[in-house]
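Enquirer: Produce the complete structure using the sequences and hints provided.
Protein chains in written order, with this note's numbering: chain A, 1 to 381; chain B, 1 to 381; chain C, 1 to 381; chain D, 1 to 381.
Keep in mind that the hints are not guaranteed to be accurate.
Unchecked claim - Lysine-lysine pairs mimicking PhoX-like chemistry, simulated, CA-CA at most 20 Å apart:
1) D:K274 to C:K232
2) D:K377 to B:K294
3) A:K125 to A:K160
4) C:K377 to D:K377
5) D:K294 to B:K311
6) B:K274 to A:K232
7) A:K5 to D:K294
8) B:K156 to B:K294
9) A:K337 to A:K5
10) C:K294 to A:K157
11) B:K294 to D:K5
12) A:K125 to A:K344
13) A:K294 to C:K157
14) A:K274 to A:K294
15) B:K132 to B:K66
16) C:K71 to C:K45
17) B:K5 to C:K5
18) B:K157 to D:K294
19) A:K274 to B:K103
20) B:K294 to B:K274
21) D:K232 to C:K274
22) D:K157 to D:K132
23) A:K294 to C:K311
24) B:K311 to A:K377
25) C:K311 to A:K311
26) D:K103 to D:K71
27) A:K3 to D:K103
28) B:K98 to B:K132
29) B:K45 to B:K234
To be clear, the hints were calculated from the coordinates, so they are not data collected in a lab.
Protein chains: 4
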Amino acid sequence: MLKRKLRMGMIGGGPGSFIGNIHRIAARLDGEIELVCGAFSSDPKRSSETGQELYLSHDRVYGTYKEMLEKEAAVDENTRMDLVSIVTPNHLHFEPAKLAFEKGFHVVLDKPMTFDLAQAAALKKLVTSSGKQLCITYTYTGYPMVKEARQQVLSKKFGKIRKVLVEYPQGWLSDLIEAGGQKQASWRTDPNQSGQAGTIGDIGVHAFNLAEYISGLEVTELCAEVNTVVEKRKLDDDSGILLRFDNGATGILIASQVATGEENNIRIRVYGEKGGLEWQQADSNSLIIKWADKPVEIWRAGSPYLSDAAKQNTRTPPGHPEGWIEAFANHYRNFAKFIRSGQKNIDINSDFPDVEQGYRGMLFIEKAILGGRSEEKWIRL
Amino acid sequence: MLKRKLRMGMIGGGPGSFIGNIHRIAARLDGEIELVCGAFSSDPKRSSETGQELYLSHDRVYGTYKEMLEKEAAVDENTRMDLVSIVTPNHLHFEPAKLAFEKGFHVVLDKPMTFDLAQAAALKKLVTSSGKQLCITYTYTGYPMVKEARQQVLSKKFGKIRKVLVEYPQGWLSDLIEAGGQKQASWRTDPNQSGQAGTIGDIGVHAFNLAEYISGLEVTELCAEVNTVVEKRKLDDDSGILLRFDNGATGILIASQVATGEENNIRIRVYGEKGGLEWQQADSNSLIIKWADKPVEIWRAGSPYLSDAAKQNTRTPPGHPEGWIEAFANHYRNFAKFIRSGQKNIDINSDFPDVEQGYRGMLFIEKAILGGRSEEKWIRL
Amino acid sequence: MLKRKLRMGMIGGGPGSFIGNIHRIAARLDGEIELVCGAFSSDPKRSSETGQELYLSHDRVYGTYKEMLEKEAAVDENTRMDLVSIVTPNHLHFEPAKLAFEKGFHVVLDKPMTFDLAQAAALKKLVTSSGKQLCITYTYTGYPMVKEARQQVLSKKFGKIRKVLVEYPQGWLSDLIEAGGQKQASWRTDPNQSGQAGTIGDIGVHAFNLAEYISGLEVTELCAEVNTVVEKRKLDDDSGILLRFDNGATGILIASQVATGEENNIRIRVYGEKGGLEWQQADSNSLIIKWADKPVEIWRAGSPYLSDAAKQNTRTPPGHPEGWIEAFANHYRNFAKFIRSGQKNIDINSDFPDVEQGYRGMLFIEKAILGGRSEEKWIRL
Amino acid sequence: MLKRKLRMGMIGGGPGSFIGNIHRIAARLDGEIELVCGAFSSDPKRSSETGQELYLSHDRVYGTYKEMLEKEAAVDENTRMDLVSIVTPNHLHFEPAKLAFEKGFHVVLDKPMTFDLAQAAALKKLVTSSGKQLCITYTYTGYPMVKEARQQVLSKKFGKIRKVLVEYPQGWLSDLIEAGGQKQASWRTDPNQSGQAGTIGDIGVHAFNLAEYISGLEVTELCAEVNTVVEKRKLDDDSGILLRFDNGATGILIASQVATGEENNIRIRVYGEKGGLEWQQADSNSLIIKWADKPVEIWRAGSPYLSDAAKQNTRTPPGHPEGWIEAFANHYRNFAKFIRSGQKNIDINSDFPDVEQGYRGMLFIEKAILGGRSEEKWIRL
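Expert: Pasting the structure below:
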């Protein structure tokens with residue numbers, strides 16, 4: 001085991017980036033990873049500006065990701081970075097990730113994994129052959145009570161799962177704010193940067209991943225309505241999707257960015273024969289368990305009665321809330337632990353979303369968009 | 001205006017009935033209506049038993065609804081009932097209602113309005129020609145904060161409505177309890193008593209009515225998955241339905257009776273261009289208003305700042321909760337006020353669900369069941 | 001057992017009265033009691049006006065309570081009222097109640113029981129000697145989940161009770177609204193009508209009663225700060241009181257009517273050695289149970305797993321909320337059942353607040369006001 | 001301005017420490033501070049063990065705080081630490097802090113500031129004369145919505161403040177767990193390590209600080225009941241305290257560690273003439289604003305409409321919850337910003353608790369314990 005912090009580089013996350021800073025906080029939080037280098041912007045001046053704000057050594061701040069990956073691969077192993085975090089828009093995921101694997105680095109990649117499904121398939125092969133590992137930051141499965149939910153479903157305490165309701169309502173795209181150049185909105189609604197999907201790729205994919213993660217099931221078919229509500233918008237901003245799972249269960253997935261006034265309350269409910277569960281980000285430290293004939297239960301993060309999977313992803317005692325940043329940090333911490341361990345298999349109690357989850361997300365995007373355009377009712381995944 | 005209580009008869013609501021008692025409480029609560037007679041069961045002995053429990057005069061308790069309607073029509077006008085409340089299973093709605101109108105009585109009818117759509121069309125005609133009025137007890141639109149929600153949408157403060165999410169999850173049919181003879185389950189899952197729909201007709205129709213009532217819109221198309229989850233059940237017990245409205249808005253309706261552990265938390269969210277609202281029965285005295293750029297607001301029943309429609313359907317000051325029974329009672333109170341007034345038009349501040357709403361509910365049931373069986377994606381209403 | 005509705009008269013509750021109408025609804029709701037007569041106002045014209053609105057027979061509407069009690073005592077027993085409900089301001093509780101008992105009627109009396117402690121002691125004697133019964137409408141102990149809370153504490157599942165936190169914050173007296181003649185405020189802040197206490201007598205006494213009812217303990221000492229916050233107000237409008245109970249437990253009681261923006265969220269928390277409970281009116285159909293080492297539990301009104309005491313005071317299935325009016329109605333229903341039964345002892349599953357609880361409330365008022373004025377820290381009850 | 005991370009040392013926080021790790025995460029989170037050295041335990045072996053886990057250079061891990069402060073003061077200024085974080089039990093606060101100031105370091109100190117009031121007075125003098133700054137980690141005032149609450153009160157939108165209700169209920173000391181050697185319980189209930197107060201010093205002081213911070217008022221008098229509920233415990237574990245503030249407002253402070261089943265839900269309500277506010281850790285990203293005659297408002301962390309004080313202490317958009325660790329980190333980030341700036345005055349939008357707040361906390365502890373033992377009702381602060 002390495003007796004030092006892992007060394008990380010970052011691609012993207014320059015001035016004006018929102019998610020870049022969150023990744024940096026998440027990576028830094030547990031003291032297992034230190035940021036040592038970066039290509040924060042394709043504009044070298046802006047890249048340098050961010051490097052200075054982060055107190056990085058001038059000679060480890062690069063103008064392009066290629067330069068960074070090549071130079072870092074060449075430096076001595078006592079200095080060289082171990083992993084790279086890629087936080088660029090979707091169209092700039094695949095090429096840097098590909099090169100990183102070729103140069104022998106582990107990769108953290110923001111969701112959705114790639115620009116399109118073909119790239120996803122290619123990346124899946126690449127990861128397998130590289131001997132390195134990929135972590136996709138589907139943030140919400142980093143929450144301890146989401147991990148607890150998965151454990152409880154897998155334990156079969158609810159019996160066979162019958163119904164999954166998952167939703168991610170946001171309201172921030174209720175107006176055509178991309179017209180005014182709002183940075184977050186601009187690339188997400190641009191087919192050249194985001195891919196064929198807008199809302200489906202931005203948050204629908206989170207809902208899809210959460211549903212499959214907690215239920216332990218796979219979606220096999222979907223029936224989708226995918227809308228562009230705001231005039232002149234170039235991609236979808238709203239959807240309602242009926243789901244069918246591989247065990248015969250059904251589900252409903254709602255993802256909208258024109259649900260005016262909504263923040264980020266991703267929420268899931270799963271019902272089995274004997275009981276059900278509910279989790280939502282607005283009350284992220286609680287897991288609600290419901291029974292046919294017993295009182296409702298509230299399982300609380302940090303409690304001694306939780307599964308190891310929940311316990312090992314918590315830092316505070318019950319009632320001292322952890323949040324979204326800590327969920328993010330769990331992925332980084334678990335990924336670091338995995339890299340340190342040198343193991344091949346991901347520990348169930350310290351898991352993180354892997355390339356397979358990344359690929360399935362891309363598959364969902366492809367099929368949801370297809371379904372939204374189709375007169376056919378059901379589309380197979 | 002009549003200077004006395006209105007006199008009501010009841011058809012159904014005998015021993016073992018649940019909803020009959022609720023109707024009686026609701027009718028009685030505001031002191032505007034008194035129960036004077038009833039045909040509580042098709043078994044005269046059981047009808048009589050209920051009559052005694054209700055301290056009714058022995059000679060006003062009947063063995064059949066026909067007997068009651070005929071005899072009551074014949075008694076003198078200082079004694080004769082003014083309206084009849086029909087609380088039987090669905091297959092026993094149309095005939096008694098028809099006869100009641102023919103005999104000159106106003107009618108309160110539990111939902112869904114009839115056994116099938118043809119009966120609904122017939123009843124619609126009948127009401128129009130009778131000069132009497134029909135009240136369908138879609139309970140949830142009796143809540144003051146549901147009326148407030150409707151007023152706020154109609155005021156256009158949210159701009160054009162874009163999205164309606166409505167759900168009614170229950171868990172009490174997670175097992176095949178009809179097999180054990182549970183009375184409420186038995187008739188609701190029996191095609192001969194309930195009609196072609198189970199859950200869709202029992203609670204889906206509530207969700208549908210709530211959505212149209214608050215949004216002020218009409219559903220024009222739907223895409224439905226309708227499931228029978230519990231083996232050996234004869235009717236549907238679960239569904240997910242995509243909706244399209246006449247102004248171009250879309251929606252999602254979820255109705256399930258196998259959402260194990262859920263009680264009766266019917267809930268609706270409506271989003272417009274500028275803001276949105278949320279109401280749920282579990283917090284029935286609050287209406288949540290959300291804005292793009294202002295704090296969330298909680299409007300509270302009983303408050304002085306509410307619309308007249310909300311205020312006139314409340315009895316208590318803010319913080320003294322009213323509930324489901326009072327919502328029910330509002331329909332009775334408003335119906336009584338309407339009858340007393342002798343007016344033709346329903347006052348917007350004292351409204352109740354009429355035959356048109358009853359008919360649309362039946363139309364929804366017909367099309368949802370059709371859609372559930374169809375390979376076609378969209379079904380027109 | 002009487003095979004007819006009980007007949008009730010009312011003293012007070014004329015034009016402008018708020019609580020009178022609530023009492024009437026509560027008495028009427030379950031169909032066990034009918035209002036047959038009333039002396040609704042000391043102004044015969046106004047009394048008559050209310051009588052007409054209630055569709056009462058003209059000859060049973062009286063100009064004074066004396067007239068009513070005397071005449072009703074004289075009518076034949078097939079017509080005569082059985083009980084009287086007194087809903088006047090505090091200074092008009094004792095005399096009518098006294099006369100009612102002397103004339104052989106059962107009495108429902110709003111809280112606080114009397115104008116002062118001496119009257120309370122006298123009334124206590126009177127009830128005992130009369131052979132009739134008194135019901136004090138401390139509303140909140142009528143809630144099913146409050147009854148459940150009491151049962152759970154009495155079952156000793158929490159071990160010895162150590163701490164009781166009870167609060168009743170209101171904001172409606174934040175301004176000197178009595179100066180503008182607001183009726184509800186005027187008499188409550190007038191020492192000649194309300195007695196020596198304002199807030200303490202109006203809502204503090206509810207909190208006190210709730211604490212003793214659920215905990216099964218008696219307060220033995222208190223240390224009080226009692227304030228008059230709004231200038232020119234004649235009675236207290238705010239307080240904080242430390243409590244000591246007869247088993248060594250301690251508590252804190254907060255009652256304020258200048259907690260601006262608060263509605264009526266009376267709330268109690270009780271902690272024992274092994275766990276604790278929480279109930280509040282804002283979520284009146286839930287009882288929260290907390291444990292040292294297990295998930296939180298939410299026990300829900302209407303559920304099959306509840307105690308008989310809770311079940312027998314509920315009309316609806318879980319998730320169809322009952323509220324404040326139904327809690328009120330439970331007192332009336334249970335009182336009616338008691339009267340019908342002819343029993344001496346109150347059934348634990350159909351209980352109602354009796355004269356002893358009324359007396360202890362008056363004792364609390366006396367001592368809290370004394371404590372508020374005293375430099376002594378602890379005052380014995 | 002320093003163009004590098006600030007260098008921090010830590011005293012305490014060795015094996016088994018809970019709060020030490022939280023301080024390290026908080027210091028590390030924003031990338032402004034790096035931990036460079038530590039004296040983590042008075043046992044050099046255990047200190048070294050923690051140093052290794054933190055990947056610290058062996059020669060910067062010390063066996064005693066004295067050794068650390070002396071040696072660090074002597075190293076060159078390109079290496080030397082800038083500030084020291086002291087996370088030991090209360091009896092080991094004063095001496096290390098004193099020496100740190102004497103050696104020219106800034107100090108972060110966990111609450112309560114010192115072992116007794118005399119030490120607090122001495123430390124206050126020392127800070128003033130040292131030219132260095134002290135940050136006391138009263139965690140809860142680090143929350144953005146607590147800062148928002150303070151700004152709103154100071155803006156006078158609620159008018160004069162009349163009532164402050166603050167509570168901190170915990171249940172983890174419901175049993176005599178110190179008897180079993182539980183580390184956190186052992187020192188907190190030991191008069192030799194904790195000082196004269198148990199619960200009052202551990203969490204009462206948080207509640208006190210929160211009340212003074214948000215209200216902008218100072219407590220002038222208190223009336224206290226302070227209990228030791230669990231037999232054989234050496235210090236207090238429960239309390240109820242009446243408060244009087246310098247503007248005439250009153251308040252109630254509840255702090256208990258035997259409220260079985262409670263976690264860490266510190267909560268405050270403040271009422272003024274025109275409205276009130278409510279904040280609680282269980283919903284830390286919301287601030288509830290209540291008005292006499294308008295809908296309740298929920299102000300949400302991360303929203304554009306908030307004050308600068310709130311905005312500058314948030315990292316995520318609304319709905320992505322931040323929590324207790326981020327509140328902690330805000331103190332570190334703001335303290336780092338202050339140190340970098342070289343200013344004398346604390347910026348209102350980047351504030352942190354200073355020595356004066358630390359001193360007032362100690363004054364509260366002294367007087368609350370005195371009051372708890374006194375027969376006198378009111379004790380002046």
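Enquirer: Hints first: check each against the structure and report whether it holds.
Expert: Evaluated hints:
Taken as a hint, the D:K274 and C:K232 pair is honoured in the structure, with Cα atoms around 18 Å apart against an allowance of 20 Å. Among the hinted pairs, D:K377 with B:K294 is inconsistent with the structure: their alpha-carbon atoms are about 46 Å apart, more than 20 Å. Annotation: proposed proximity of A:K125 to A:K160 is violated, straight-line Cα distance about 33 Å (limit 20 Å). This hinted pair checks out: C:K377 and D:K377 have alpha carbons roughly 5 Å apart, not beyond 20 Å.
In summary, the hint linking D:K294 to B:K311 is supported, as the alpha carbons are separated by about 15 Å, within the 20 Å threshold. The suggested pairing of B:K274 with A:K232 holds, with an alpha-carbon distance near 18 Å, which does not exceed 20 Å. The suggested pairing of A:K5 with D:K294 is violated, with an alpha-carbon distance near 54 Å, which exceeds 20 Å. For the given pair, B:K156 sits about 17 Å from B:K294 by alpha-carbon distance, which is consistent with the 20 Å threshold.
At roughly 11 Å between alpha-carbon atoms, A:K337 and A:K5 fall within 20 Å of each other, so this suggested pair holds. Taking the CA atoms of C:K294 and A:K157, the gap is about 17 Å. The hint holds against a cut of 20 Å. In summary, the hint linking B:K294 to D:K5 is not supported, as the alpha carbons are separated by about 37 Å, beyond the 20 Å threshold. Between the alpha carbons of A:K125 and A:K344 the distance comes to roughly 16 Å, so the proposed pair stays at or under 20 Å and holds.
Taking the CA atoms of A:K294 and C:K157, the gap is near 17 Å; set against the 20 Å cutoff, the hint holds. A C-alpha spacing of about 11 Å is found between A:K274 and A:K294, which places the hinted pair at or below 20 Å, so the restraint holds. Between B:K132 and B:K66 the alpha-carbon distance is near 19 Å, which keeps this suggested pair within the 20 Å criterion. Between C:K71 and C:K45 the alpha-carbon distance is near 19 Å, which keeps this suggested pair within the 20 Å criterion.
Distance restraint check for B:K5 and C:K5: the Cα-Cα separation of roughly 17 Å lies within the 20 Å cut-off, and the hinted pair is therefore satisfied. A C-alpha spacing of about 17 Å is found between B:K157 and D:K294, which places the hinted pair at or below 20 Å, so the restraint holds. Distance check on the hinted pair: A:K274 and B:K103 sit about 50 Å apart at the alpha-carbon level, beyond 20 Å; violated. Of the pairs offered as hints, the one joining B:K294 and B:K274 holds, with about 11 Å between alpha carbons and a cut-off of 20 Å not exceeded.
Of the pairs offered as hints, the one joining D:K232 and C:K274 holds, with about 18 Å between alpha carbons and a cut-off of 20 Å not exceeded. Taking the CA atoms of D:K157 and D:K132, the gap is near 36 Å; set against the 20 Å cutoff, the hint is violated. Proximity of A:K294 to C:K311 is assessed by CA-CA distance (about 15 Å); at most 20 Å being required, the pair is judged to hold. About 45 Å separates the Cα atoms of B:K311 and A:K377, which puts this hinted pair outside 20 Å; it is violated.
A threshold of 20 Å between alpha carbons decides the hint, and for C:K311 with A:K311 the separation of about 38 Å lies outside it, so the pair is violated. Of the pairs offered as hints, the one joining D:K103 and D:K71 holds, with about 10 Å between alpha carbons and a cut-off of 20 Å not exceeded. Of the pairs offered as hints, the one joining A:K3 and D:K103 is violated, with about 32 Å between alpha carbons and a cut-off of 20 Å exceeded. Proposed proximity of B:K98 and B:K132 is supported: the alpha carbons are some 11 Å apart, at most 20 Å.
Proposed proximity of B:K45 and B:K234 is contradicted: the alpha carbons are some 31 Å apart, above 20 Å.
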